[in-house]
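K.L.:
From just these sequences and the hints, can you work out the full model?
Numbering-wise (the working numbering), the sequence shown opens with residue 1 and increments by one.
Hints were generated in silico from the structure; no laboratory data involved.
Treat the hints with care, as some may be off.
[Stated by the list, open to error] Under the rule of at most 27 Å between Cα atoms (straight-line distance), these lysine-lysine pairs were calculated in the DSSO-like manner:
#  : residue 1 : residue 2
1  : K56       : K21
2  : K13       : K27
3  : K56       : K91
4  : K21       : K42
5  : K27       : K42
6  : K48       : K28
7  : K56       : K30
8  : K56       : K42
9  : K10       : K48
10 : K10       : K21
11 : K30       : K48
12 : K91       : K21
13 : K30       : K10
14 : K10       : K28
15 : K30       : K13
16 : K27       : K56
17 : K30       : K42
18 : K27       : K48
19 : K56       : K28
20 : K28       : K42
21 : K13       : K28
22 : K48       : K21
23 : K56       : K13
24 : K48       : K13
25 : K10       : K42
26 : K27       : K10
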Amino acid sequence: MDKADEGVSKAFKRLHWEILKNGHLTKKEKLVIAVASAVAAKCEICVKALTAEALKNGATIEELTEAVSVASLVCAGSGFNFSALIFDCVKENEKNE
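P.N.:
What follows is the structure, given as C-alpha coordinates:
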(Lines of atoms letter the chains of each structure in order from A; the text may use other names.)
(Lines give C-alpha, C1' and ligand atoms only; values in the text may rest on other atoms or scores of the structure.)
Protein backbone atom coordinates (compact mmCIF):
# COMPACT_ATOMS: atom_id res chain seq x y z
CA MET A 1 0.00 0.00 0.00
CA ASP A 2 2.95 2.32 0.63
CA LYS A 3 3.66 2.50 -3.10
CA ALA A 4 0.01 2.86 -4.11
CA ASP A 5 -1.04 5.54 -1.64
CA GLU A 6 1.52 6.83 0.80
CA GLY A 7 -1.02 9.04 2.60
CA VAL A 8 -3.34 6.14 3.39
CA SER A 9 -0.41 4.01 4.51
CA LYS A 10 0.87 6.72 6.85
CA ALA A 11 -2.63 7.26 8.26
CA PHE A 12 -3.02 3.53 8.91
CA LYS A 13 0.34 3.41 10.69
CA ARG A 14 -0.67 6.38 12.89
CA LEU A 15 -3.93 4.59 13.72
CA HIS A 16 -1.96 1.43 14.54
CA TRP A 17 0.32 3.21 17.00
CA GLU A 18 -2.49 5.28 18.52
CA ILE A 19 -4.64 2.23 19.24
CA LEU A 20 -1.78 0.12 20.57
CA LYS A 21 -0.31 2.67 22.96
CA ASN A 22 -0.65 2.07 26.70
CA GLY A 23 -4.04 2.98 28.12
CA HIS A 24 -6.36 1.01 30.38
CA LEU A 25 -4.74 -2.00 28.72
CA THR A 26 -1.00 -2.20 28.24
CA LYS A 27 0.50 -2.26 24.78
CA LYS A 28 1.44 -5.90 25.40
CA GLU A 29 -2.13 -6.82 26.34
CA LYS A 30 -3.48 -5.05 23.27
CA LEU A 31 -1.00 -6.90 21.07
CA VAL A 32 -2.02 -10.26 22.54
CA ILE A 33 -5.64 -9.38 21.70
CA ALA A 34 -4.54 -8.25 18.24
CA VAL A 35 -2.78 -11.57 17.56
CA ALA A 36 -5.90 -13.50 18.59
CA SER A 37 -8.03 -11.22 16.42
CA ALA A 38 -5.70 -11.71 13.47
CA VAL A 39 -6.00 -15.47 13.85
CA ALA A 40 -9.80 -15.17 13.95
CA ALA A 41 -9.69 -12.94 10.85
CA LYS A 42 -7.36 -15.43 9.12
CA CYS A 43 -4.92 -12.66 8.19
CA GLU A 44 -1.55 -14.39 7.78
CA ILE A 45 0.51 -11.23 7.36
CA CYS A 46 -1.24 -9.73 10.41
CA VAL A 47 -0.52 -12.83 12.52
CA LYS A 48 3.17 -12.76 11.59
CA ALA A 49 3.66 -9.03 12.15
CA LEU A 50 1.60 -8.80 15.32
CA THR A 51 3.13 -11.93 16.87
CA ALA A 52 6.62 -10.53 16.34
CA GLU A 53 5.54 -7.19 17.82
CA ALA A 54 3.82 -8.88 20.77
CA LEU A 55 6.93 -10.94 21.56
CA LYS A 56 9.10 -7.80 21.39
CA ASN A 57 6.74 -6.19 23.90
CA GLY A 58 7.02 -9.02 26.41
CA ALA A 59 4.20 -11.37 25.45
CA THR A 60 4.90 -15.03 26.15
CA ILE A 61 4.05 -18.02 24.01
CA GLU A 62 1.73 -19.11 26.81
CA GLU A 63 -0.20 -15.82 26.73
CA LEU A 64 -0.46 -15.92 22.95
CA THR A 65 -1.57 -19.56 23.00
CA GLU A 66 -4.34 -18.86 25.52
CA ALA A 67 -5.55 -15.82 23.60
CA VAL A 68 -5.56 -17.71 20.31
CA SER A 69 -7.46 -20.55 22.00
CA VAL A 70 -10.18 -18.08 23.02
CA ALA A 71 -10.33 -16.67 19.49
CA SER A 72 -10.57 -20.19 18.09
CA LEU A 73 -13.39 -20.99 20.49
CA VAL A 74 -15.34 -17.96 19.31
CA CYS A 75 -14.74 -18.91 15.66
CA ALA A 76 -15.82 -22.50 16.30
CA GLY A 77 -18.88 -21.37 18.21
CA SER A 78 -19.92 -18.92 15.55
CA GLY A 79 -19.49 -21.57 12.87
CA PHE A 80 -21.51 -24.05 14.89
CA ASN A 81 -24.29 -21.53 15.50
CA PHE A 82 -24.24 -20.29 11.91
CA SER A 83 -24.61 -23.86 10.67
CA ALA A 84 -28.12 -23.89 12.16
CA LEU A 85 -29.17 -21.82 9.13
CA ILE A 86 -29.28 -25.00 7.09
CA PHE A 87 -32.42 -26.01 8.98
CA ASP A 88 -34.11 -22.75 7.99
CA CYS A 89 -33.06 -23.33 4.39
CA VAL A 90 -34.41 -26.88 4.42
CA LYS A 91 -37.75 -25.69 5.85
CA GLU A 92 -37.97 -22.93 3.23
CA ASN A 93 -37.13 -25.37 0.46
CA GLU A 94 -39.79 -27.82 1.67
CA LYS A 95 -42.42 -25.05 1.60
CA ASN A 96 -41.57 -24.26 -2.01
CA GLU A 97 -41.92 -27.85 -3.23
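K.L.:
Hint by hint, which ones does the structure fall short of?
P.N.:
Violated hints (numbers, rising): 3, 12; every other hint is consistent with the structure.
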